Amino acid sequence: MSFLSFRESPSGRVVPPSGFTAQLTVITAAAMAFLAVFALALSMATGRLADRWGTELARGSTVRISAPSDQIEAQTAAALKVLETTPGVAEARRLGAEEETALLEPWFGPDLPLDTLSLPVLIDVQETPDGFDAEGLRLRLAGEAPGAVLDDHSRWRRPLVRAAERLRLLGVISLLLIAGVTGGMITLAANAALAATAQVIRTLRLVGATDRFIASAFVRRFTLRGLSGAVIGTFCGMIAIALLPKADEAGGFLTGLGFSGAQWLWPLLIPLLAAIVAYVATRVAATQTLRRLM
Amino acid sequence: MIEFHEAGYGYGGRELLTEMSLTLAPGSFHFLTGPSGAGKTTFLKLCYRELQATAGRVSIFGEDTRQMERDEVANLRRRIGVVHQDCQFLDHLSLVDNVALPLSVSGRERDERDLEDLLNWVGLSEQAKAHPPELSGGERQRAALARAVIMSPEVILADEPTGNVDWEMSLRLLQLLIELNRMGKTVVIATHDLHLIRQAKAQVQARVLRISNRRIQQAGADL
Chain A
1 MSFLSFRESP SGRVVPPSGF TAQLTVITAA AMAFLAVFAL ALSMATGRLA DRWGTELARG
61 STVRISAPSD QIEAQTAAAL KVLETTPGVA EARRLGAEEE TALLEPWFGP DLPLDTLSLP
121 VLIDVQETPD GFDAEGLRLR LAGEAPGAVL DDHSRWRRPL VRAAERLRLL GVISLLLIAG
181 VTGGMITLAA NAALAATAQV IRTLRLVGAT DRFIASAFVR RFTLRGLSGA VIGTFCGMIA
241 IALLPKADEA GGFLTGLGFS GAQWLWPLLI PLLAAIVAYV ATRVAATQTL RRLM
Chain B
1 MIEFHEAGYG YGGRELLTEM SLTLAPGSFH FLTGPSGAGK TTFLKLCYRE LQATAGRVSI
61 FGEDTRQMER DEVANLRRRI GVVHQDCQFL DHLSLVDNVA LPLSVSGRER DERDLEDLLN
121 WVGLSEQAKA HPPELSGGER QRAALARAVI MSPEVILADE PTGNVDWEMS LRLLQLLIEL
181 NRMGKTVVIA THDLHLIRQA KAQVQARVLR ISNRRIQQAG ADL
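Residue numbers (the UniProt record's numbering), protein chains in the order written: chain A, 1 to 294; chain B, 1 to 223.
Warning: the hint list may mix true and false statements.
[To be verified] Partial chain A-side listing against chain B, Cβ under 7 Å, derived:
#	residue
1	Val200
2	Thr203
3	Leu206
4	Gly208
5	Ala209
6	Asp211
Think of the hints as simulated: they come from the structure by calculation, not from any bench. Please read all numbers here as calculations on a predicted model, not as lab measurements. Just so you know, even glycine gets a beta-carbon here, dropped at the ideal spot from N, CA and C.
Given the sequences, and given the hints that come with them, work out the whole structure.
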């Protein structure tokens, strides 16, 4: 990678400086890198969500018992007995009044008079890693406690996990699109620079320059521009992500956007990838243009 | 050194040069004359493979130009110095960097003392740091000549090198080319300046080639 040395090489000096194109390339590479940091953060955050929802929800189920008041305690005891003897159930525990109040607080506020409401009894069920046979448990509950309904969360867990996985996929697609757009932009800029310097290329050929020598001047220049722009954009993007509100402060979904732990190292790959994209795009553009300029 | 075998060149269905057979021997001195548009520049371009013969064969340093790869053409041009009438320079580089350009593109180290000597020889040591747009026509021609010879080429091709300069400067440039020939270089000068040819023939054994009616002929003693 000696061609990335910032000291101007003999081939680099023969290409005239192109002020506006140079600035535009750096700015665009910076903007693309900035967007790439966000796409990467989105992809990683949704990946974490999908994993968490998948594992947390898969391990937890609820049995809800709705029955006339004179039967509810008996049905609750029967349901707990069924659950204790069900293979795959690690723990079954009736939720207390405080826990039910906490569950309803987001909708009804903190001063809910629980004793005046006819609420179903909730039993929190924790599964073993092997899990239980949900259909079999439903049939047994229907026999022993007719008012008991097993909710294994699968109805709403699957779409949530699927949505999170789609978001992760969208993040990855966004990264690929950003890489493609960066490559296309640098190709256009390199082509414009090559076309604008046709006279320089003719002069260089007249004095015995090979196509490899001429191409390397452009490749080196645009690779450095792509790299420097991407470094700036990535740095700004990482700062912007770091300044987002913490997830535990606001508690919302979007505040979880960001990197955690070693994931902060991933954005550092963006400048390297941008440099590789710029190198390949300029090499292809220069080779094709030099073939055309016979 | 450079051989034409029944060579011709045409473009867009029109034949510009035809049935040319001649040899430019090592150490020889040639003038190429003919009216404007006769094909003098085309002939020179065939000599350094800027153009490729569309008929017959052109060999340069024993290599058939039709078989040459692009890198081989680049290497060939390092052995041939070319001076154009409209000298092409890289305007963002200084005169000394432009003169040293053939060294840069071939990856050779430049010797600052040699460069200084070369600029002294063409009388441009004072303008070494100037940029091409700051130079006069004569200075540009001499800079182009310095650039053409810096690689110590075996052949010097000059296309109307005195076209944009006064008579005094023409004689000075001619003198430089005669000196190069005396050093063993093959020199070909395309010109329609008969005074210049007579001036040269008084000092060096020059062969005069004339392009007429798309063919190349040895010119008579009336020059």
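Okay, the hints, checked on the actual structure:
A cut of 7 Å between beta carbons decides the hint on A/Val200: the least distance to chain B is about 6 Å, and the hint holds. Given the 7 Å rule on beta carbons, the hint for A/Thr203 holds: about 4 Å separates it from the nearest Cβ of chain B. For A/Leu206, the shortest C-beta to C-beta distance to chain B is roughly 6 Å, which falls under 7 Å, so the interface hint holds. Of the supplied interface hints, the one on A/Gly208 holds, with its beta-carbon coming within about 4 Å of a beta-carbon of chain B, less than 7 Å.
Interface hint status for A/Ala209: upheld, as the beta-carbon distance to the closest one in chain B is roughly 4 Å, under 7 Å. For the restraint placing A/Asp211 at the interface with chain B, the shortest Cβ-Cβ distance is roughly 6 Å, inside the 7 Å limit, so the hint holds.
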